[in-house]
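Number of protein chains: 2
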Amino acid sequence: MSRYRMDLGEVERWVKAKGFRRVLIQAPPGLWPEAVRVSELLKRCGIEVIIHGGSCWGGCDVAYLEAKYLRVDAIIHMGHSRFLERDEIPTYYLECRYMDPEPLRSLLGEARDKLDGYRRIGVGLTVQWLDFLDELLIGLRDLGLEPYVGEPMGVLRYRGQVLGCSYHPLLKLEGIVDCYLVIGSIFHGLGLALQTRKATYAGDPQTQRVVKLEESVRNLLKSRYGRIQEFRRARRIGVLLSVKPGQMRAELAMKVKKLIEEAGKISEIVVVDDVREDYLMDLPYEAFANTACPRLSIEDQERFRKPILLPTEVAVALNRVSWEEVIRTPRYMAMKISL
Amino acid sequence: MSRYRMDLGEVERWVKAKGFRRVLIQAPPGLWPEAVRVSELLKRCGIEVIIHGGSCWGGCDVAYLEAKYLRVDAIIHMGHSRFLERDEIPTYYLECRYMDPEPLRSLLGEARDKLDGYRRIGVGLTVQWLDFLDELLIGLRDLGLEPYVGEPMGVLRYRGQVLGCSYHPLLKLEGIVDCYLVIGSIFHGLGLALQTRKATYAGDPQTQRVVKLEESVRNLLKSRYGRIQEFRRARRIGVLLSVKPGQMRAELAMKVKKLIEEAGKISEIVVVDDVREDYLMDLPYEAFANTACPRLSIEDQERFRKPILLPTEVAVALNRVSWEEVIRTPRYMAMKISL
Numbered sequence: 002m003s004r005y006r007m008d009l010g011e012v013e014r015w016v017k018a019k020g021f022r023r024v025l026i027q028a029p030p031g032l033w034p035e036a037v038r039v040s041e042l043l044k045r046c047g048i049e050v051i052i053h054g055g056s057c058w059g060g061c062d063v064a065y066l067e068a069k070y071l072r073v074d075a076i077i078h079m080g081h082s083r084f085l086e087r088d089e090i091p092t093y094y095l096e097c098r099y100m101d102p103e104p105l106r107s108l109l110g111e112a113r114d115k116l117d118g119y120r121r122i123g124v125g126l127t128v129q130w131l132d133f134l135d136e137l138l139i140g141l142r143d144l145g146l147e148p149y150v151g152e153p154m155g156v157l158r159y160r161g162q163v164l165g166c167s168y169h170p171l172l173k174l175e176g177i178v179d180c181y182l183v184i185g186s187i188f189h190g191l192g193l194a195l196q197t198r199k200a201t202y203a204g205d206p207q208t209q210r211v212v213k214l215e216e217s218v219r220n221l222l223k224s225r226y227g228r229i230q231e232f233r234r235a236r237r238i239g240v241l242l243s244v245k246p247g248q249m250r251a252e253l254a255m256k257v258k259k260l261i262e263e264a265g266k267i268s269e270i271v272v273v274d275d276v277r278e279d280y281l282m283d284l285p286y287e288a289f290a291n292t293a294c295p296r297l298s299i300e301d302q303e304r305f306r307k308p309i310l311l312p313t314e315v316a317v318a319l320n321r322v323s324w325e326e327v328i329r330t331p332r333y334m335a336m337k338i339s340l
Numbered sequence: 002m003s004r005y006r007m008d009l010g011e012v013e014r015w016v017k018a019k020g021f022r023r024v025l026i027q028a029p030p031g032l033w034p035e036a037v038r039v040s041e042l043l044k045r046c047g048i049e050v051i052i053h054g055g056s057c058w059g060g061c062d063v064a065y066l067e068a069k070y071l072r073v074d075a076i077i078h079m080g081h082s083r084f085l086e087r088d089e090i091p092t093y094y095l096e097c098r099y100m101d102p103e104p105l106r107s108l109l110g111e112a113r114d115k116l117d118g119y120r121r122i123g124v125g126l127t128v129q130w131l132d133f134l135d136e137l138l139i140g141l142r143d144l145g146l147e148p149y150v151g152e153p154m155g156v157l158r159y160r161g162q163v164l165g166c167s168y169h170p171l172l173k174l175e176g177i178v179d180c181y182l183v184i185g186s187i188f189h190g191l192g193l194a195l196q197t198r199k200a201t202y203a204g205d206p207q208t209q210r211v212v213k214l215e216e217s218v219r220n221l222l223k224s225r226y227g228r229i230q231e232f233r234r235a236r237r238i239g240v241l242l243s244v245k246p247g248q249m250r251a252e253l254a255m256k257v258k259k260l261i262e263e264a265g266k267i268s269e270i271v272v273v274d275d276v277r278e279d280y281l282m283d284l285p286y287e288a289f290a291n292t293a294c295p296r297l298s299i300e301d302q303e304r305f306r307k308p309i310l311l312p313t314e315v316a317v318a319l320n321r322v323s324w325e326e327v328i329r330t331p332r333y334m335a336m337k338i339s340l
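If you read the sequences in order, they're chains A and B.
For the first sequence, position 124 (counting from the first letter as 1) is numbered 125 according to the working numbering, and the numbering increases by one without interruption.
For the second sequence, position 160 (counting from the first letter as 1) is numbered 161 according to the working numbering, and the numbering increases by one without interruption.
Just so you know, the hints here were simulated from the structure itself, not pulled from any lab data.
Possibly wrong hints are sitting among the right ones.
Copies of the same chain look alike in the list, so a pair counts if it fits in one copy or across any two.
The calculated EDC-like cross-link candidates involving lysine to aspartate or glutamate, where the alpha carbons are at most 20 angstroms apart (straight line), are [claimed, not checked]: (1) Lys-69 x Glu-89; (2) Lys-44 x Glu-262; (3) Lys-69 x Glu-252; (4) Lys-256 x Glu-49.
Please work from the sequences and hints to get the whole structure.
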């Protein structure tokens, strides 16, 4: 039995209405069993199906390149809400939402203890849990809390939604709320906690834990500053430019490269798809600037060993902005340079 | 000091003559330090350079997709001779040939002992060693041997050249020679040994070893047959189709899929770029058919754990051809199905 609710009927109607004959199905590895369900449905309708056997890190990571090369008519991209505004190949973002509200319900008890003392709470959820947004808000109100949610904005398609790289509507509530609660995983909470000075909690229905992220953030930022120091000593810097459609920031990469060169270092643009630890080690650069997925600098840094700085961290390393000025503000993870 | 001879002057003339402004440099990780030399040369000429930070497994693996997405004018593809007949993006295959003949010279002593008793020897070299082909032939003749080399053919651009997936000119000499000697690595020798019943030796100038491959081949084929048995028991089969331009065999993939379905199994096309062990494990198939790089089935099988059969092995598994009939013949590694 699947744990997910998927609009299979809607997918079928879309494929048929558009007259697509050949479809690529792309999903994160954890959803490959669900991809098979979609594949079986489409094959019964006489559609030729190809399964994408590569990575799928987010709605930013749509397999256009493979799709074009294979000359498929359309992509079914699973597990993420629509990220890109325009499709290079017609793309159906097939969300997979949890069907069982129980883990979220029982998390409320844990939340009550942890959130004691706060009143106004900014709340965000990953798309998988969004079916239970209203139930969560009622539950929080029943605990005497006053929950606030962000409105849809840009890549955040739904009220209350968060992404690991996008929290803007929640951050706009900073002046109103006493703290934040992000439902998803530590990963999703941490992305917000790095951009705000308000207390931030991650609630993970799978592990039934509600965690305050204060200490993680402090430790992480300390370690980040160490990486900035290493970057300062580096002579040759690779500027990572991704070919993933929602991570490809060519202008930013050129801007960062120029900034690094102005500081007297050597810099080159390095194009990447999935970033491999061994390749970063082999590449003849002592440090990297990251214009791809911001989370590479947060979650994957330990694996990578060489510094891989966010654009704003590069600006700090080159003394163009001050560290204190940017940490725990939205500028920290913004994939742009504002000097 | 570089160990390689590269025609940098020729690259520079090519880029200038064609008026290219923006160039992608792609090289295997081991040659990235050389890629920097090329990059520095081109940058001095005012060319904008992007370094490819992904894989580069052979001349089959040209980064057209990234190049198109980045809108570069041309690719400098390093370390391999031209593989693809036509370029989707103008591509310069910049070979890197060893400059020091000493390791090859001193290997001759080892070869003399090992090749004692043979007279006519089919000789092949990887492109890195090709500058010393004539010297090698003279050396072998001085040992009283009678060396034969294959003529250029298809992807083998030079007299005496071998690739890990291509040995045709040498195999044509099977009726004439007593044994084979492949200069490069065990890897390069093994690819030939699997396709011939003639004794095959691999000579590796780096390790100074000349190795008879008889036992490796016997063990490998035994293990391959075990994989074929596993494949027979599998119900769901993924047919790997690569997006690497020289490995993309869409027709073969469709043919293999049909064959598998005719045998009453479920089969789907799975598109891959670099093949990741964890992804193959996660994909909901018990076994795979490989239409990408044949060496995935040879060198990478142990890592992959699930069977990943060559097209001919699939035909054996489905009782369409007999094992004894194909092993140690060119059919074994041919990336096609001939029933």
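For each hint, the structure was consulted:
| no. | hint | result |
| --- | --- | --- |
| 1 | Lys-69 x Glu-89 | both (9 angstroms within a copy, 13 angstroms between copies) |
| 2 | Lys-44 x Glu-262 | between (54 angstroms within a copy, 13 angstroms between copies) |
| 3 | Lys-69 x Glu-252 | between (24 angstroms within a copy, 17 angstroms between copies) |
| 4 | Lys-256 x Glu-49 | between (43 angstroms within a copy, 14 angstroms between copies) |
Violated hints are absent here; each numbered hint is respected by the structure.
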